[in-house]
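*Asks:* Each protein sequence line maps, in turn, to chains A and B. First residue of the first sequence: 1, per my numbering; consecutive thereafter. First residue of the second sequence: 1, per my numbering; consecutive thereafter.
Hints are not guaranteed to be accurate.
[What the hints assert, rightly or not] Simulated pairs of lysine-lysine, DSBU-like, Cα-Cα distance not exceeding 30 Å:
id: 1; chain 1: B; residue 1: K122; chain 2: B; residue 2: K150
id: 2; chain 1: B; residue 1: K236; chain 2: A; residue 2: K6
id: 3; chain 1: B; residue 1: K122; chain 2: A; residue 2: K6
id: 4; chain 1: B; residue 1: K150; chain 2: B; residue 2: K236
id: 5; chain 1: B; residue 1: K236; chain 2: A; residue 2: K24
id: 6; chain 1: B; residue 1: K150; chain 2: A; residue 2: K6
id: 7; chain 1: A; residue 1: K37; chain 2: B; residue 2: K122
id: 8; chain 1: B; residue 1: K233; chain 2: A; residue 2: K24
Read the hints as simulated data drawn from the structure, not as lab findings.
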Amino acid sequence: MAEGVKPRVKVPKTATAGEAITIKTLISHQMESGQRKDSDGNAIPRSIINRFVVDFNGENVLDVTLEPAISTNPYFEFEATVPESGEFHFTWYDDDGSVYETTEPITVG
Amino acid sequence: MNRMSAPGLSAATAIAVVTGLAAPAFGGPDDDELIINGDTTIITEAPAPDHMEYISTIYSGWRFRTDETQALEEDDFDNPAMLAVDAALEAFDTVEGDAGESCASCHGDVESFAGLTAHMPKVGEDGNLVVMEDLINECRTDRMQTEAWKWSGDDMQSMVALIGLQSRGMTMDVAIDGPAAPFWQQGKDMYYTRYGQLELSCANCHEDNWGNMIRADHLSQGQINGFPTYRLKQAKLISKHNRFRGCIRDTRAETFAEGSDEFRALELYVASRGNGLSVETPAVRQ
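With the rest of the complex left out, here is chain B (with noise of 0.2 Å):
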């Protein structure tokens, strides 16, 4: 009796087993809450824009992440980004340049920065499409006049989250519509074009494969309204764009250049399926 009894119960165990992995949620989005400081409370779960059509639901890529690598971003004692973002509150206070300015002779507060980095980018009055890296640049450049920063140097990416960090908590709202559309219409383009010797697209990971395993990381949906994100790996501030150039390189393609006007028009639109997440930056992620 005990003979037959064995295999049935080993049978049972692997079904059990095989029915674990085969669930929906396995390397998907958990159920944690995220509150920074005990105060700011952040949206990282939203019903997906009206123009995504394969997403239901949008999700924080912190959602994916380890309990111990979310708790870095709960406090923001414990977020390692808060150094660099320090770093950029002194920097907006020093005068640089021949215009003998700093950030705060213009801008007075960082705080009156609030609400901006919600509807990054847009396009502005010339008729291209800006990022922040823009806006800062040309500020360093035009009325400084002094050097403009390096793309993803330390200095630009911590003085981008420290304008970004302004705006944390409040809902993204990138407008699509409008002088903006041509250039949505050429990130979203760009989103479902495949590339690179792997042949694959923005799409084939983040729309058709988020929730699931890659090789073994969590794939997230590839939000971007943490950035710049303070990376584990590297152990800094990675930009919008050196992410963008990360993925395209792992396809094995020849990628595009920082602040490249490809990348302009894909940040758009990537920011646009983060319609209705917080801004979140500086994040935390692995």
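Bound conformation, chain A alone (with noise of 0.2 Å):
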């Protein structure tokens, strides 16, 4: 089980109509690759996010895959258009099952 998993997001509040807005994620996870030995030699598991999924007012916007070699608290930055107010909703997806969604308003005016 993974533990201290907390999904972060930074939206801005506030775009004109059309405009790119630059979004930033990171979700604090140890992102354990599968590859590793504990001290007695046994393979300590995989446990990672892997996928990673955002939509807007229920358009997807960015869907991705993500491998054992990402490292630890996995940031993603993009850019998206915003055509009208709304709210983004994210999605990590953990190799336990775990999900974990946050989400995000923003206005356009």
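The two chains are supplied separately, each in an independent frame; assemble them into the complex guided by the hints.
*Replies:* This is the structure in structure tokens:
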């Protein structure tokens, strides 16, 4: 089980229609690759975030497959154009079946 | 004619290259301004305090770093140290030990520590020089009745950073007179003492040669206003004493221990060399 997992996102509160805004996301996660061994020589089981999805008002913006070589606390920064006011929905999928979600509203004016 | 002009051109180019290398700004501080989160202005350049004889302007180490590293400190979201600060905030509210107390039980909101770091280290009521780690461990052992934290451990340095963050943007102003004077003098003597097989003092690098290159790195003034600092090289928060130890080790000397009286005194003296800069912790460096 992954411990201390905490999603963080940064989305501007307002934007103008059609503006490309910068979104930053980070989830604290140990991203255990499955390649390491403990002091007794046993393999430490893989435990990573394997998928990251961003939706805006139900429309998909980003869908990322994460692989074991990605280091701890995966950080994504990307740009998105916002046509209207609404809500960004962020979802991270963990190997252990956990799903972490957070939403962030944005006003277009 | 062509043959004659060609060497003339290359000579001119060569001169330009040599002049470029000799420019004093090579390896020195840049002209960038540090504004964190778009609202906290950090003083990264100030007139040196009166007690410093050989330096007229003091600079934060931030000014010596690359644009990429600088950017990590300009937004708390990008600052990797903030994960540790978040962890410390949780620890602040967590009850530990036989007394059934957390930090918050006595101190309430962590914001009550605003201003403290700007005046640390200082001399306590018992006449000893105390640094932030001492205050934290005293609370843990005496009032919470739990185990002391290891000096450079993640728990300890995250908490030092959390408390320091409350004073971020405030001007460093440690007292060097009165009861602090003997400790300050001890620290100053250490600063100018050559240690190790390489016979280097702190001053040899950070006073005589700041702004020059030390191998591939820009040599800063060795200010500690950003400590505990997130070092990308170690991917964690680094304590002041860890950094002191690293520097003295690099002179091939037997170093003092973290949490030793020698390093407390050195911390006071080095902090006083930054009087006038802003508290910057948790800073990000290479």
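*Asks:* In ascending order, which of the hints set out earlier in this document are inconsistent with the structure?
*Replies:* Structure breaks hints 3 and 7.
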